[in-house]
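Engineer: Below are the chains, spelled out letter by letter.
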Amino acid sequence: MDTITIGVVTTSDRASAGIYEDVSGVAIMETLGEYLQNECEYLYRCIPDEQEMIEATLKELAKARCDLIVTTGGTGPALRDVTTEATLNVCQKILPGFGEQMRAASLRHVPTAILSRQTAGICESSLIINLPGKPQSIRECLDAVFPAVPYCIDLIGGRYMVAHEDVIEIFRPKGK
Amino acid sequence: MDTITIGVVTTSDRASAGIYEDVSGVAIMETLGEYLQNECEYLYRCIPDEQEMIEATLKELAKARCDLIVTTGGTGPALRDVTTEATLNVCQKILPGFGEQMRAASLRHVPTAILSRQTAGICESSLIINLPGKPQSIRECLDAVFPAVPYCIDLIGGRYMVAHEDVIEIFRPKGK
Amino acid sequence: MDTITIGVVTTSDRASAGIYEDVSGVAIMETLGEYLQNECEYLYRCIPDEQEMIEATLKELAKARCDLIVTTGGTGPALRDVTTEATLNVCQKILPGFGEQMRAASLRHVPTAILSRQTAGICESSLIINLPGKPQSIRECLDAVFPAVPYCIDLIGGRYMVAHEDVIEIFRPKGK
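Protein chains in written order, with my numbering: chain Z, 1 to 176; chain A, 1 to 176; chain C, 1 to 176.
Hint data in this document are derived by calculation from the structure and do not stem from the laboratory.
Errors might be hidden in some of the hints.
Heads up, simulated BS3-like pairs for lysine-lysine below, C-alpha to C-alpha not over 30 Å straight-line [what the hints assert, rightly or not]:
no., chain 1, residue 1, chain 2, residue 2
1, A, Lys93, Z, Lys59
2, Z, Lys63, A, Lys93
3, A, Lys59, C, Lys93
4, C, Lys63, Z, Lys93
5, Z, Lys59, Z, Lys93
6, Z, Lys134, A, Lys93
7, Z, Lys93, A, Lys93
8, C, Lys134, Z, Lys174
9, Z, Lys63, Z, Lys93
10, A, Lys134, C, Lys174
11, A, Lys134, C, Lys93
12, C, Lys59, Z, Lys93
13, Z, Lys93, C, Lys93
14, C, Lys93, C, Lys134
15, C, Lys174, C, Lys93
Calculated Cβ distances over 12 Å to all of chain C for the following chain Z residues [unchecked claim]:
no., residue
16, Met1
17, Ser16
18, Thr31
19, Glu34
20, Tyr42
21, Arg45
22, Met53
23, Lys59
24, Arg80
25, His109
26, Glu140
27, Arg159
28, His164
Small disclaimer: the values here were computed from a predicted structure and weren't measured.
C-beta atoms are modelled at their ideal positions from N, C-alpha and C, and glycine is treated no differently.
Whenever a hint applies, use it, and build me the whole structure from the sequences.
Structural biologist: In structure tokens:
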């Protein structure tokens with residue numbers, strides 16, 4: 001079974017300054033650990049909400065051949081929320097269905113879900129997915145899109161993910 | 001209680017030429033008046049479907065420190081429909097969840113809702129929202145997105161909106 | 001009754017090389033033939049997944065005054081999937097509601113529907129719609145958006161479509 005390389009990027013001025021602990025980055029690694037049977041190598045970065053630094057970090061993780069890069073934070077409408085812009089800038093392809101689906105999932109809980117600008121895209125041969133900053137929303141967004149993630153990574157030439165099907169039901173079209 | 005500054009921009013070749021009355025701009029002010037307990041100062045503009053003029057008007061209203069700028073008209077597929085382009089051009093951030101949610105709301109009434117290119121975004125410290133041109137669709141679109149508007153305006157540093165909760169249930173995350 | 005000019009563009013390295021038959025292009029023409037009472041003149045192109053060639057083909061078909069141009073294939077996340085980029089590049093206006101609606105329709109069948117980057121837009125006076133590559137998904141996507149297509153084509157100055165209302169219920173707003 002392949003070892004999966006996963007980038008986890010927390011963008012937060014306060015967490016990167018040590019003002020508080022990065023609970024969201026940890027929540028992502030826990031959730032992916034529950035989903036996947038594969039061993040996972042995590043490349044973890046906790047950086048401030050600076051667009052250039054986020055872009056450089058995403059590119060570095062793509063060069064390191066991450067199959068999946070997950071960000072948390074920086075997708076709202078505030079001035080310092082620039083993770084979405086960084087993602088749009090480094091990706092060769094944008095996958096708008098991820099943002100639509102994550103917003104639809106969050107909308108079942110809060111009407112302010114429409115304020116999220118989360119997206120996803122392909123950078124080199126990595127799939128980048130923006131997750132919200134709030135730990136409690138991370139699982140609901142990942143649950144909403146992860147069923148399509150392993151097949152997406154197949155299509156862009158990444159490593160083969162095997163899921164714990166009792167935790168998350170992934171999907172690959174038959175004959176593929 | 002803060003006085004809210006609201007820009008209302010009707011883009012219509014015919015209304016701006018006086019060929020017919022601008023019912024839509026009036027409908028927007030009536031609806032917002034029913035929603036909000038705050039006093040509202042309206043900066044109202046009725047202009048032709050000229051992209052440069054629309055962009056200049058949106059920028060002028062953002063400079064005038066509008067908390068919210070609402071447009072009506074110019075979001076369809078026809079040649080003279082350029083309000084969406086103007087909005088995309090002047091905004092520093094785009095909020096695709098607004099368009100998704102307004103189209104979903106309109107789709108419950110008419111299948112041609114998918115032709116609407118309505119969007120929303122942040123210009124300086126103003127939230128701009130595109131509404132449809134038809135008066136009867138304005139209320140259904142505003143009802144669909146307004147619950148998230150006051151918190152969005154909080155996040156971009158605008159004035160504090162207080163709603164008539166029996167008319168529209170707005171939402172701010174707890175602890176914020 | 002107007003004769004409708006319809007461009008059908010299959011983008012597929014293998015189909016264009018004759019490695020397999022283009023079933024998808026045929027499925028599109030069959031479906032539109034069932035929908036429409038009008039006579040249809042089809043301009044059919046089967047080309048490789050080369051972005052420049054796709055853009056040139058879309059422009060040529062728009063110049064030939066197609067009312068509708070339908071593509072199949074090239075909307076996924078893989079390296080050779082570039083039909084979406086070509087469409088975004090040649091269109092003066094993008095209609096995001098089409099992609100949202102087609103993904104929503106496909107999501108009822110497969111969670112990997114969020115990987116589709118299908119969109120639609122206006123190029124000159126032609127409506128371009130991206131459909132998926134798989135023949136069995138073409139009908140479900142066309143069923144989801146076609147009700148809005150004739151009115152969209154009215155708005156951009158195209159020919160007047162008349163549908164078989166027992167096959168597909170199209171919609172034009174009253175008084176239009």
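Engineer: Look at each hint and say if it fits the structure.
Structural biologist: Here is what the structure says about each hint:
1. Lys93(A) with Lys59(Z): 22 Å, holds
2. Lys63(Z) with Lys93(A): Distance of about 28 Å is within 30 Å: holds.
3. Lys59(A) with Lys93(C): Distance ~22 Å between Lys59(A) and Lys93(C) Cα, so the pair holds.
4. Lys63(C) with Lys93(Z): Given pair Lys63(C), Lys93(Z) holds - Cα atoms ~28 Å apart, limit 30 Å.
5. Lys59(Z) with Lys93(Z): It holds: about 14 Å lies between the C-alpha atoms, which stays within 30 Å.
6. Lys134(Z) with Lys93(A): 20 Å, holds
7. Lys93(Z) with Lys93(A): 19 Å, holds
8. Lys134(C) with Lys174(Z): Holds, at roughly 12 Å.
9. Lys63(Z) with Lys93(Z): 16 Å, holds
10. Lys134(A) with Lys174(C): Roughly 12 Å between the alpha carbons, so the hint for Lys134(A) and Lys174(C) holds.
11. Lys134(A) with Lys93(C): 20 Å, holds
12. Lys59(C) with Lys93(Z): 22 Å, holds
13. Lys93(Z) with Lys93(C): 19 Å, holds
14. Lys93(C) with Lys134(C): Distance ~26 Å between Lys93(C) and Lys134(C) Cα, so the pair holds.
15. Lys174(C) with Lys93(C): Roughly 25 Å separates the two Cα atoms, so the pair holds.
16. Met1: 22 Å, holds
17. Ser16: Given a closest Cβ separation of 30 Å, the condition holds.
18. Thr31: 17 Å, holds
19. Glu34: Holds: least Cβ distance 18 Å, greater than 12 Å.
20. Tyr42: 23 Å, holds
21. Arg45: The assertion about Arg45(Z) holds, with a minimum of 24 Å to chain C.
22. Met53: With a cut-off of 12 Å, Met53(Z) remains clear of chain C, as the shortest Cβ separation is near 26 Å.
23. Lys59: The claim stands: Lys59(Z) keeps its Cβ more than 12 Å from every Cβ of chain C (closest is about 18 Å).
24. Arg80: 27 Å, holds
25. His109: Answer for His109(Z): holds, closest chain C Cβ roughly 19 Å.
26. Glu140: 15 Å, holds
27. Arg159: Arg159(Z) clear of chain C: closest Cβ-Cβ about 15 Å, beyond 12 Å.
28. His164: Since the minimum Cβ distance to chain C is about 16 Å, His164(Z) lies beyond 12 Å and the statement holds.
Checked against the numbered hints above, the structure violates none of them.
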